[in-house]
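J.: Each chain, letter by letter, is given below.
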Amino acid sequence: MDTIVPAGQVVVPATAAPADGYTARRMFGTRAARIEDPALLRGEGRYLDDIRMPDPLHAAFLRSPHAHARVTRLDLSAARALPGVVAVFDADRIARELTGLRMPLGFPSATLQKDITPWVLSCTEVAFVGEAMVMVVAESRAIAEDALALIEVDFEPLPIVHDCHQALDAQAPVVRSDAVSNIAEQLQVGFGEVDPAFAAAPHVFTESLFVHRGAAHPMEGRGVLARYDPVEDAITVWTSTQMAHEVMHSIAAMLGMDQHNVRVVAPDVGGGFGCKYLTYPEEVAIPAAARCLGRPVKWVEDRAEHFVSAIHERDQYWDVDIAVDGQGRILGVRGRLLHDQGAYTPQGINLPYNAATSVTGPYRVPAYRMDVLICQTNKTPVIPVRGAGYPQAAFVMERLLDRVARELGIDRAEVRSRNLIPPEKMPYDKGLTNRAGVRSIVDSGDYPATQAEALARIDYVGFPARQREARARGRYLGLGIANAVKATSRGPFESAVIRVSPQGRIDLYTGALAMGQGLATALAQIAAEQLDVPLEAIHVTCGDTGRVSLGMGGFASRQTVMAGSSVHLAAVEVRDKALKVGEQLLGVPMAGLRLRDGRVEVIATPARFVTLSDIARKLKGAPGYSLPPGITPGLESTGLFQTNSQAHANACHACEVEVDPGTGAVRILRYVAVHDSGCLVNPTMAEGQIHGGVVHGIGNALFEKMGYDEEAQPVTGTFADYLLPTSTEIPQIEVVFLQTPSPTNPIGVKGIGEAGTIPVAPAIVSAIEDALAPWKVHLAEAPLSPVRLLELIDASAAA
Amino acid sequence: MSSDEPVRAISVTVNGTVHRREVAERKNLADFLRQDLQLTGTHVGCEHGVCGACTVLVDGVSARGCLMLAVQADGCSVETVESLAGDAPGPSGLGPLQQAFRDRHALQCGFCTPGILMSLTELLRDDPAPDEHAVRLVLSGHLCRCTGYQNIVAAALQAASKAGGGS
Amino acid sequence: MKAPPFRYHAPRTLDEALSLLASLPGPRLLAGGQSLMPMLNFRLLAPEHVVDLNRVEGLSGIREAGGEIVFGAMTRQREIEFSPLVEARLPLLAEAIQWVGHRQTRNRGTLGGSLCHLDPSAEQPTVAMAMDATLAIVGPAGRRELPMRDFALDLMTPALDEGEILAEVRIRPWAPGHGWAFLEFARRHGDYAIVAVAVLLELDASARASRVSITLGGVAATPVRVPEAEARLLGSLIDAEAIADAAACCGAVDALGDPQVPAWYRQRLARTLAGRAIPAALARTAAHAAAGGTP
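Residue numbers (this note's numbering), protein chains in the order written: chain A, 1 to 799; chain B, 1 to 167; chain C, 1 to 295.
Any given hint might turn out to be false.
Claimed, not checked - Not everything, but these chain B residues come out facing chain A in the computed CB check (under 10 Å): (1) Asp4; (2) His43; (3) Val44; (4) Cys46; (5) Cys51; (6) Cys76; (7) Thr80; (8) Gly95; (9) Gln98; (10) Arg104; (11) Ala106; (12) Cys109; (13) Asp126; (14) Glu132; (15) Gly148.
Keep in mind that the hints were calculated from the coordinates and are not lab data. Glycine is no exception: its CB is placed at the ideal position from the N, C-alpha and C atoms.
In isolation and in its complexed conformation, chain A is listed as follows (with noise of 0.2 Å):
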């Protein structure tokens, strides 16, 4: 059962008090069913793959089968005969439609490597698996395949960078003959006097972990249809993805044309996960061919190019200490991480710069530092997926207190206790900086009572009495506990158009964008509240540049809170205007107006009012006519919420495990999630995203592997071979909501979607490692798979 424990005050925002018996509509904070429900139950939904679009064209492309090879020889000439092939594109004949063939860089970076980025297509050498070198656009996308093996292609192997250590190697091959080094960015992030820190520390203890994190596999994958208008010299391109305005700006970009002329749609998006927040080479070369062809276009990413040609984030290697007094209070981390970039660079360092600052997490830390290899191999590049570095820097932290606790014999629980930030310390400064320059300040929150409430629903004192009772029956079970705070609601800004037309419509447009969470339904309740009218009565519409200018997308748990904010902000400016015109018009004091269901009426005879749809006639004008003194056109208003600094989220979970060690299976038997987001807009799915993040978690710790062989060719190509977590190998996840207001923006919220993945992979090492107390397995790594259970238990016996 879910619950929600409120935790300090609740600030919702003001609305009208009751005056005649009417209770104002509450729509901020109640468990509303979704809006974007019906439809989609419906079979109605339109994704990517569902606009139906008269006389389109279907690509395929032809991808590397090679980690790292120099093309030879291309042929394309039986490609091109077969009937029903429209045109075959290679590098030079997509170049000649577009003002470069190097997709531009995701975020700005004076350090990075130069000449980083993936290429529209590449046909002279190839550096990973899946690498996209030829288009073929055919009446078909089977004939479209049909025509890729009809490609022919002589490659010549070049020497392979399989893994980061290797990377690192004086005698290593470099990734890319166009890449001075394998490094692709070196930095150290830290503060306070760390090695003085260490030298005076008590306990020393190091770790060298290996945290893996697979692929998104959103189950819709990504595509792009790209219609060209030839009268307007216009474009407009759907594409599933996290971000509309900055895909429109790059295809702008990239095709030379004025951005006004480039419409970027989102359609209803089948999951983001982080693999759609990029601009990928396809949404070039979609957009490019229609308009060469004058035909739409339309490309849909099979599962299997997923695998390969969506991004990753995959490997990374620490190696860390950390230093402690007698009392386990945390005296200094430090360290180093390689990252595993992949083949390219397409968005920049975020990733990696995020693990590498967020490692202190809740925890006071007195001086820190960790020096970050970034390391190119023949690999599908990397750019977040859920939880974007938390989740790995969480799994460091948290895997050094169990060290600490280990050690010093001191309860684990207990060890996170003396070390978590207390809330009289709020907001506290983390001592870094984020990307943007901007010190990484934490708001608010009451991480203690978070762990305290984690512990008390999964009944851990009682624990040791449960694990002594089940090993005596020959039943190994353990439990583990983890602490994390994300870092939410990255800025700089969202935007939020909320419009009242004169039919009385109420319109809501952003630059935030839908993939899946139920954004527009916690947008229309933040508008509802604001307006007094049904959810039903706000129509939403997330991710098209063509209805709003600005915008940024989904990522970062950024959106209840960035364009939560500009929408409330909005919705107050139109609810004020509307009191205001309502007050001349019905000649009474705004404090004795209300709205109510699309209409301003007096409190003391609600017979009396003008409704919206009247307001909205008035203020688009007529010609000649004055509008309402003091009173601005249209019954609309922008909301730009803009800001640095970020909500930040927390959590504990914690989890009971079981684990055979005759075959090495994980069972997780119970599972807690004490979270803290702040305001809740929606509950329901606010427990909704924790779920998920949850198994997003689980299938971390336990399945997810992107497996690579030493050629860097992938092993686990289909949904077979790497696992995503079903229904029967998860328990019921018991969820619970804390609630601290953020003091970072005006309705209190905090960012949701990524926290619940990242405590996860910790908390069920640390529960497998205590199961496993009987034979002193340590654990450093996820995730763990049977076979390694094993085979760490073997060579634990044998020590």
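We have chain A already, so just place chains B and C on it with the hints.
T.: Coordinates of chains B and C only, in the frame set by chain A:
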């Protein structure tokens, strides 16, 4: 379609309507429903029979739409998500299982949902009062990245109890 | 990906199917499609012709004849799952079928298709090996019969010649009161087993094993019987020592290895699962149940 693509005439009853079409012999049932009949509620998520997004009912039993050729459905009766609202729609135009999904927040992005609805439709016809284990077993033939399955299980159990199957 | 182009044929009779196989170049038989269709969709196969057995009359169904349970090769796993005859007479198969894929794939997947695909980890070939199933094959030269051990030649290699079709599978039930257990370990429910163990036991009046079958799936290139383990139990009281010895024999079978699942791990699973499946089978024997004992 190119001229040399082998085709075959088929007659398929989909959601009660008979459709006669010439279809490419290699085209799978999911693509046929989506492309030839414009029934795009059935989704394609992996094309190798694991994710379950394309699950439909063929002659009353669930099947992967990507693992059946359209020509194999000749003479068959196919049910898709578009049939589930039925003749007696609820307040928001949803059938009972769909309504339970909405009530229990059993979907997020919604991409996997139609296939899951079809598998659960089959389950609830065969066993009007399944327990959680039975629901999870059927669900294990589907991948969902958003929900963690928990609310889907709750929705299936709610639909079962609403249908009078629950005890 | 989309399947490569092929010509599709849907014969109505076995003779028609056989003559298509004889006349067409590079034909591929389509049974339940749960393995072939993914391979086509991935373009791992590009047959010129696909011959669909789903409309061939008389290839499906479960009946009892001559003391055997007779399955048409196109009998779907769903029919086996819900067959009272299978539940009553072939409880090992009834138990194993629950592990096969998912409901959505069992609805179309067939017994014959699984035996001919012959994945070493698949449950149905393991049961066929455990129960010494007889396979009836028809072809240009007429009909022939093979025991499962001669049918499973090598990794995914059935003893089918060109132009032949598996028509029928016959399994002779063990005596009433026999014990059975099918256990497997897979990462997730419905995945192919990493290792599966099938155990059948009959006890004599003195509670000694009078008939034993122990089979491992997923360990070697095909499902294999473990004669050493069977011999250890045969004629013995099945006590903890006997179980441990037999399980150790299972753990000593030569195993396949790959980077994901090394050979030693398959052997370990074989030992562990056998050590659990033998007492589970024992507990289900009528003699044991009557004695009300535990192993």
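J.: Each hint should be assessed against the structure and marked as holding or not.
T.: Hint by hint, here is what the structure shows:
The beta carbon of Asp4 of chain B is positioned within 10 Å of a beta carbon in chain A (closest approach about 7 Å), and the interface hint is therefore held. Residue-level restraint check for His43 of chain B holds (minimum Cβ-Cβ distance to chain A is 7 Å; threshold 10 Å). Against a cut-off of 10 Å between C-beta atoms, the interface hint on Val44 of chain B holds, since the closest Cβ of chain A lies about 7 Å away. Of the supplied interface hints, the one on Cys46 of chain B holds, with its beta-carbon coming within about 4 Å of a beta-carbon of chain A, less than 10 Å.
For Cys51 of chain B, the suggested interface contact is upheld, since its CB lies about 6 Å from the closest CB of chain A, less than 10 Å. Annotation: interface hint on Cys76 of chain B violated; nearest CB of chain A at approximately 19 Å, more than 10 Å. Of the supplied interface hints, the one on Thr80 of chain B holds, with its beta-carbon coming within about 7 Å of a beta-carbon of chain A, less than 10 Å. With a cut of 10 Å, the hint placing Gly95 of chain B at the interface with chain A holds, because the nearest CB-to-CB distance is about 9 Å.
Restraint check, Gln98 of chain B versus chain A: the minimum CB separation of about 4 Å is within 10 Å; hint holds. The criterion of a C-beta within 10 Å of any C-beta in chain A is met by Arg104 of chain B, whose closest approach is roughly 8 Å, and the hint holds. A cut of 10 Å between beta carbons decides the hint on Ala106 of chain B: the least distance to chain A is about 9 Å, and the hint holds. Interface restraint check for Cys109 of chain B: the shortest CB-CB distance to chain A comes to about 3 Å, inside 10 Å, so the restraint holds.
The beta carbon of Asp126 of chain B comes no nearer than 18 Å to any beta carbon in chain A, farther than 10 Å, and the hint placing it at the interface is violated. At a threshold of 10 Å, the smallest CB-CB gap from Glu132 of chain B to chain A is about 9 Å, leaving the interface hint in force. A hinted interface residue such as Gly148 of chain B counts as satisfied when its beta carbon comes closer than 10 Å to some beta carbon of chain A; here the least separation is about 3 Å, so the hint holds.
The earlier numbered hints that this structure contradicts are 6, 13.
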